[in-house]
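Student: Here's the letter readout for the chains.
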Amino acid sequence: MLPDLRGYGWMLWEGLQLTLLVGLASLLLAILLGLLGAWAKLGASRIARGIAGTYTTVVRGVPELLLILLVFYGTPTLIQNTAARWGTPVYINLDPFVSGVLTLGFIYGAFATEVFRGAFLAVPPGQIEAARACGMSRHLTFRRIVLPQVWRFALPGLGNVWMVLIKATALISVIQLDELMRKTQIAVGATKLPFTFYFVASLMYLGITVASMLLQQRFEAMANRGVRRA
Amino acid sequence: MKKLVLGFAAAAFGFAAVSASAEEHVVRIGTEGAYPPFNYIDAEGNLVGFDIDVANALCDAAGFECELVVQDWDGIIPGLLARRYDAIIASMSITEERKEVVDFTEKYYATPAKFVKADDRDLDIPDDISEANDTLSGMAIGVQRATVHENFLRDNFGDADIRVYATQDEANLDLVNGRVDLVMADSVVLLEGFLETEEGEGYSFVGPDYIEEQWHGEGIGIAVRKGEDDLREALNAAIEEIRETGTYQEINAKYFDFDVYGD
Amino acid sequence: MNLALVLDSLPQLLSGLLVTLEITAWALALGLAASIPLALMRVSTNPVLRLPVFGFIFYFRGTPLLVQLFLIYYGSGQFRPELEALGLWVYFREPYFCAVLTLTLNTAAYTAEILRGSIQAVPFGEIEAARACGMSRGLLYRRIILPKAFRLALPAYSNEVVFLFQATSLVSIITLLDLTGVARVMVARTFAVYELYIAAGLLYLACTYLILWVLRKVEYRLSGHLRPREAEPARPDLSPAGLP
Numbered sequence: 001m002l003p004d005l006r007g008y009g010w011m012l013w014e015g016l017q018l019t020l021l022v023g024l025a026s027l028l029l030a031i032l033l034g035l036l037g038a039w040a041k042l043g044a045s046r047i048a049r050g051i052a053g054t055y056t057t058v059v060r061g062v063p064e065l066l067l068i069l070l071v072f073y074g075t076p077t078l079i080q081n082t083a084a085r086w087g088t089p090v091y092i093n094l095d096p097f098v099s100g101v102l103t104l105g106f107i108y109g110a111f112a113t114e115v116f117r118g119a120f121l122a123v124p125p126g127q128i129e130a131a132r133a134c135g136m137s138r139h140l141t142f143r144r145i146v147l148p149q150v151w152r153f154a155l156p157g158l159g160n161v162w163m164v165l166i167k168a169t170a171l172i173s174v175i176q177l178d179e180l181m182r183k184t185q186i187a188v189g190a191t192k193l194p195f196t197f198y199f200v201a202s203l204m205y206l207g208i209t210v211a212s213m214l215l216q217q218r219f220e221a222m223a224n225r226g227v228r229r230a
Numbered sequence: 001m002k003k004l005v006l007g008f009a010a011a012a013f014g015f016a017a018v019s020a021s022a023e024e025h026v027v028r029i030g031t032e033g034a035y036p037p038f039n040y041i042d043a044e045g046n047l048v049g050f051d052i053d054v055a056n057a058l059c060d061a062a063g064f065e066c067e068l069v070v071q072d073w074d075g076i077i078p079g080l081l082a083r084r085y086d087a088i089i090a091s092m093s094i095t096e097e098r099k100e101v102v103d104f105t106e107k108y109y110a111t112p113a114k115f116v117k118a119d120d121r122d123l124d125i126p127d128d129i130s131e132a133n134d135t136l137s138g139m140a141i142g143v144q145r146a147t148v149h150e151n152f153l154r155d156n157f158g159d160a161d162i163r164v165y166a167t168q169d170e171a172n173l174d175l176v177n178g179r180v181d182l183v184m185a186d187s188v189v190l191l192e193g194f195l196e197t198e199e200g201e202g203y204s205f206v207g208p209d210y211i212e213e214q215w216h217g218e219g220i221g222i223a224v225r226k227g228e229d230d231l232r233e234a235l236n237a238a239i240e241e242i243r244e245t246g247t248y249q250e251i252n253a254k255y256f257d258f259d260v261y262g263d
Numbered sequence: 001m002n003l004a005l006v007l008d009s010l011p012q013l014l015s016g017l018l019v020t021l022e023i024t025a026w027a028l029a030l031g032l033a034a035s036i037p038l039a040l041m042r043v044s045t046n047p048v049l050r051l052p053v054f055g056f057i058f059y060f061r062g063t064p065l066l067v068q069l070f071l072i073y074y075g076s077g078q079f080r081p082e083l084e085a086l087g088l089w090v091y092f093r094e095p096y097f098c099a100v101l102t103l104t105l106n107t108a109a110y111t112a113e114i115l116r117g118s119i120q121a122v123p124f125g126e127i128e129a130a131r132a133c134g135m136s137r138g139l140l141y142r143r144i145i146l147p148k149a150f151r152l153a154l155p156a157y158s159n160e161v162v163f164l165f166q167a168t169s170l171v172s173i174i175t176l177l178d179l180t181g182v183a184r185v186m187v188a189r190t191f192a193v194y195e196l197y198i199a200a201g202l203l204y205l206a207c208t209y210l211i212l213w214v215l216r217k218v219e220y221r222l223s224g225h226l227r228p229r230e231a232e233p234a235r236p237d238l239s240p241a242g243l244p
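Taken in order, these protein sequences are the chains called P, L and W. Using UniProt numbering, read the first sequence as starting at 1 and increasing by one per residue. Using UniProt numbering, read the second sequence as starting at 1 and increasing by one per residue. Using UniProt numbering, read the third sequence as starting at 1 and increasing by one per residue.
Please note that the accuracy of each hint is not assured.
Unchecked claim - Just so you have them, the derived chain P footprint on chain L, three or more residues with Cβ under 8 Å:
| id | segment |
| --- | --- |
| 1 | 33-43 |
| 2 | 76-85 |
To be verified - No farther apart than 27 Å at their CA atoms in a straight line, the calculated lysine-lysine pairs in the DSS-like style are these:
| id | chain 1 | residue 1 | chain 2 | residue 2 |
| --- | --- | --- | --- | --- |
| 3 | L | K254 | L | K107 |
| 4 | P | K41 | W | K148 |
| 5 | P | K192 | L | K254 |
| 6 | L | K99 | L | K226 |
| 7 | W | K217 | W | K148 |
| 8 | L | K107 | L | K226 |
Hints were generated in silico from the structure; no laboratory data involved. Source: prediction; values computed, not measured. Just so you know, even glycine gets a beta-carbon here, dropped at the ideal spot from N, CA and C.
One chain only, chain P, in its complex shape (with noise of 0.2 Å):
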């Protein structure tokens, strides 16, 4: 049985729609953003280990609601005092939903980071040192032996990053950007129904979880093609 939104029905299913956006953009910058940390991390320059290991551990440590507040809110004031002081005004205009993925990018990269380190330490060196002795060069022993393997290993860990990530979009609408959980609030507003349409919003997202676990199951099978199982 159906409850009755008054009319709000589109309003929630236009905010999923950006959600879904929100979410699938801040995976794109995490996925590209983990790879450059777990590459830095895995490195040989020490300044670049520095700061990918500052990087996760400062975002790992802060709740994500302060990190998208001080991004939306504190970066633009520091960055244009800073260039000010300096003598270059810059002016920065970021709209909510640029803000919203800069934020989640950023803050799901470092879990991305971790999946891509754990999936590149995976690859067992004696292949690395076959295929150099094969006289592959790096270039594309990375290309045809680590990343096809790599992918495998980081689709779990990315798997469970994108289901937190999606989660987590909601936090974005305190930045008013009108996903999901802010065109709830707004048909709370007009409604006084806080229960009805919390509860349907729950279950949109329940959906998206739903939906993306079959989906992770597929990729994880492609991936897996080509594996011997016991």
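Guided by the hints, dock chains L and W onto chain P, whose structure is given.
Tutor: For chains L and W alone, kept in the frame of chain P given last:
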């Protein structure tokens, strides 16, 4: 350093003003969209209200092309400073604290603040503020985050349990839920946005009108970044113009049966 | 950077931190207590016990905490007459109660799932051995499965503790003045946006790593028998055989 910021801001705006003659100059206006009847979003998702009509009338009068930007209240000044928009038309009181970070136009309306309680709640609030503080000691008062009302309560009703909400709607919802004993806000907002609605049945004003200049300021004005005098003067002139041409009075009559401009 | 302002605001931030820690402690203690029976029901072969718990865990792990918080805080208002009739409204009208309740349910779901995993990871040989010794089901769980499961669960539970500690920042949205709430109130007043948020962030950071450090100590102690013996000076073994 502050001077430097002002200098650059002025220079940047000066540049913008020059280029305006060549192409249409867009002024972005920040508003909250959750403060009926002044600014709110209707069921069709449109931004409407007294502030919005005033903003559009001012833009017409000043010859600006305007774009409205929605921004939650607690970030509305940071958003202005971060150049998300160029002016705030969102029922913002002109106060000393805010004047330290932004500049204001002259007021475009002025209404007092009041408390609201449930009718069946037996409570009188004395006119004297310190006596009233004793009366309200330990009571839960709901108020919107980062408003003059929050500051007024924190500085004068320190013995009460002050609870801050992101929107006035949420504070009203909790008054109806019985989680707070009182809410405080602008009297017109409470009247139009709550008392005269279905949910507001069984609730009414209590206590005196509060217009304390130190907290409530000199009325409601338009905030612009410090040093952007061209924009501020243009808006001042526009306020004067719409009051003279009667546009203001038309908007006033559309929303209220009394004069919100004050004296 | 306005350092003087940050220093001035430190006492208020610390009082907010106290609220944060208090809420964390309540939710952790209650959530852990609830998670043990939930996990046992979850691994039960009886569907009447297993399915409702599966649904509970699935719902609370699959939806955002913010929605759960709003559902319980604002949503309970929709059922005020019913809750009043049951005499429960006096609790639901307090934001503190709603915050602790939501966080408790949330962490109970995550912890029960962690425990389920570790209960199922207990080597079957150990269970068979215990059964062969004639242990009853109750004794088997008490002596063999649960102690082993707790130890296996500890690394994942450490993460959950940290997640919960950070998740408490959401209670600022339902009017509580925790560390994030205090920072937001002060930012609204002073407009010192990044100074205050960074100060609050550093406090969270310090607490997070302090919590992790303590939990790692606990983990180390509990896994003493699994570590390779450290080189210790040879000592004549005076205890009778079979006794420690």
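Student: Taking the hints in turn, state whether each one holds.
Tutor: Each hint tested on the structure:
1. Counting residues of the segment 33-43 of chain L whose beta carbon lies closer than 8 Å to any beta carbon of chain P gives 3, which meets the minimum of three for the stated coverage.
2. With a threshold of 8 Å between beta carbons, the proposed coverage of the segment 76-85 of chain L by chain P holds, since 6 of its residues qualify and at least three are required.
3. A threshold of 27 Å between alpha carbons decides the hint, and for L/K254 with L/K107 the separation of about 19 Å falls inside it, so the pair holds.
4. A hinted pair counts as satisfied when its Cα atoms are at most 27 Å apart, and P/K41 with W/K148 does not qualify at roughly 34 Å.
5. The hinted pair formed by P/K192 and L/K254 meets the criterion: a straight-line CA distance of about 26 Å does not exceed 27 Å.
6. For the given pair, L/K99 sits about 9 Å from L/K226 by alpha-carbon distance, which is consistent with the 27 Å threshold.
7. A distance of roughly 18 Å separates the Cα atoms of W/K217 and W/K148; the hinted pair therefore holds under the 27 Å criterion.
8. Taken as a hint, the L/K107 and L/K226 pair is honoured in the structure, with Cα atoms around 17 Å apart against an allowance of 27 Å.
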